[in-house]
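Start from chain A and add chain B according to the hints.
First to last, the protein sequences are chains A and B.
So for the first sequence, our numbering puts the first residue at 1; every next one is plus one.
So for the second sequence, our numbering puts the first residue at 1; every next one is plus one.
In short, the hints are calculated from the structure, not lab data.
None of the values given here were measured: they were computed from a predicted structure.
Incorrect hints may appear among the rest.
[As the list claims (entries may be wrong)] To be clear about the criterion: a stretch of chain B counts as covered by chain A if any three or more of its residues have a C-beta under 8 Å from a C-beta of chain A, and this derived list gives those stretches:
| # | segment |
| --- | --- |
| 1 | 3 to 17 |
| 2 | 36 to 49 |
| 3 | 99 to 107 |
| 4 | 114 to 120 |
| 5 | 138 to 150 |
[Unchecked claim] Derived DSSO-like pairs (lysine-lysine); straight-line CA-CA distance at most 27 Å:
| # | chain 1 | residue 1 | chain 2 | residue 2 |
| --- | --- | --- | --- | --- |
| 6 | B | K105 | A | K451 |
| 7 | A | K451 | B | K139 |
| 8 | B | K105 | A | K166 |
| 9 | B | K96 | A | K354 |
| 10 | B | K130 | A | K65 |
[To be verified] Only part of the chain B face toward chain A is listed, based on derived beta-carbon distances under 8 Å:
| # | residue |
| --- | --- |
| 11 | S24 |
| 12 | C25 |
| 13 | V60 |
| 14 | V125 |
| 15 | A128 |
| 16 | M131 |
| 17 | A156 |
| 18 | V159 |
Just so you know, even glycine gets a beta-carbon here, dropped at the ideal spot from N, CA and C.
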Amino acid sequence: MFKKILIANRGEIAVRVLRACHEMGIAAVVVYSHVDRAALHVRKADEAYPIGPAAASESYLNIPKILDVARRSHADAIHPGYGFLSENAKFAQACVDAGVKFIGPTAAAMNAMGSKTRARQAMEKAGVPFVPGTSRGLESFDEARQVAERIGYPVMLKAAAGGGGKGMRLVYAPDQLKSSLEAARSEAERSFGDSEVYIEKAIMNPRHIEMQVLADEHGSTVYLGERECSLQRRHQKVMEEAPSPIVDPDMRRRMGEVAVRVAQAAAYTNAGTVEFLVDQQRNFYFLEMNTRLQVEHPVTELITGLDLVHLQIRIAAGEKLPFTQDEVRIRGHAIECRIYAEDPDNNYFPSPGKITLLLAPSGPGIRRDSGMYEGWNVPIDYDPLLAKLIGYGTDRDQAISRLTRAFSEYFVGGIKTNISLFRRILRDADFRAAKLDTGFLDRMLKRTEDKAVDSKSADVAAIAAGMFAELGAAVPGVSNGSGRAHEATRPASNWKSASRREALQ
Amino acid sequence: MLYDVTIDGKNYRLDLNRAEGRWSCRLDGRELEVDAVLARPDVLSLRIGNMAFEVKSERVANDLHLWVGSTRFAVEVRDPRSLRGRTRTGDDRGPKKIVAPMPGKVVRLLVRDGDEVEQGAGVAVVEAMKMQNEIKSPKKGTVQKILVSEGAAVNAGDVLAIVE
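Only chain A is shown next, with the shape it has when bound in the complex (with noise of 0.2 Å):
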């Protein structure tokens, strides 16, 4: 087993990661940026290296600078977590050459992956199911109209190399496709330096679930259940949850079987989640692997009981996988919740800033994997994610009163956050009767919520706000400072500007 492991990471997954290294007895070396040095994860490190100013370019994606540290603290692993290096076959090469053990699947693998288009050639090798569309990047509009008329409109125009939403067109008419077709290539080319575009079949309405599985260095490759990520903002995911609604045993199975065909069609080791499209009649489609821990991985480690984690770093130690697809139990269900430091009431724009209250929630079936704390300024630099609430109960309704009761006690003060969409979210009908697809929040935000002016609530907090002014918190306007100093040294003639000042008005 490693007796180091460098985290090249941050925020809650280093931190969740390193809790692993903690449980295992493994010493847990980190890197931050020179905005990061307060951060949570340096805060529980045993070592902890900085690696640059802010620009993930020029410290937590620098590939040099995390090796030098990698050598200079002999770590003898390096756990990538999410984005950031995780993907990058490149480094996951790097880490071989230079003799550390990257914790995550071979440069080959990824590499088999990373194109869409390319990983879709190799799987219809294997038999997977796929959208019908092009297994090739377009050559030509007349490419791209041939293909369009014989899949039937309407059909979606995908980035080879895109993820979140980036190079995506949908089409509904072929009088739509030519301008499409050059704004999906020249926003992939923006976004990912490679304007190919392949051409599918619309899928309208589907759901989106993954399916998780773990391979060891010696051939076996299980599944461990599904995950439903239907709650998307943007083609981002907000709410994840295991298992789905709709997947029944059977399906599962026939699922996980194709998700372990694929992972070893690509001679993939370590976690990886193979994503699928579900349309309406609960056909499902490979849509992409992902080669790396998942942000929701929680979800699945409640419901199997497994620690993915753990597996991670034992797989990348060489040891067999501890159990047989046969002894994989799923048992429960779990929902998780993305808390992003973003604003509901301005259109999700992130909110850094101060944390000047944390009330965090406990108690029965709550899990929080946080990367904040009360006092810390969040920085404006990265990636939104604050922590992430997972509720778990025997069965779906308990998960959400779970969560329910979770996020009435969850406060986060200083900085605005999502909180407020998950509590509308639990509460609203088609949620509860799992009614899920990837455009159900979208609609669910263009329903304008009533907001019923609660009296008696208003009434608490005009009594609490002279409480607070009488207990001594800082109140502006009768900041314990200038308001009594003020009433000390000059109370008669203010009370006498004002009363004067009332009767002119």
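Coordinates of chain B only, in the frame set by chain A:
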């Protein structure tokens, strides 16, 4: 002590006094039995009769909000004997400060000193966490002064410009 309190635009007159460890409270003339403990700075445990409430206080720049359960209220507290705060009542006359709602970097200025702006017109673009946000003018008027330059780092509450 007497307070004028505004909660989401609605005015209250609150009279709070403590004698011999007991509070007396009148809210707009209504006599209420209350008791409060400051559990920690910014967290108040409040009893009104036998009903219990946890109220959180949040201040960002000059804005004060109180949270009763999961409901947020914009709050202004004024001591009626004090002049302070009286001038801050929100009408549209006079110069208005345009402040940065969050820390970030000014990537673009959309107006110059002396420009006429409509209410809701963009004044500056502030970038944070890789997203750009247009900061808008709260009123129609003339840009009296721009206080930041392109490329400047700003904190929440920093004044970007003044519109007269």
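For this session: Hints the structure violates: just list their numbers, smallest first.
Result: Hints 4, 5, 6, 11, 14, 18 not satisfied by this model.
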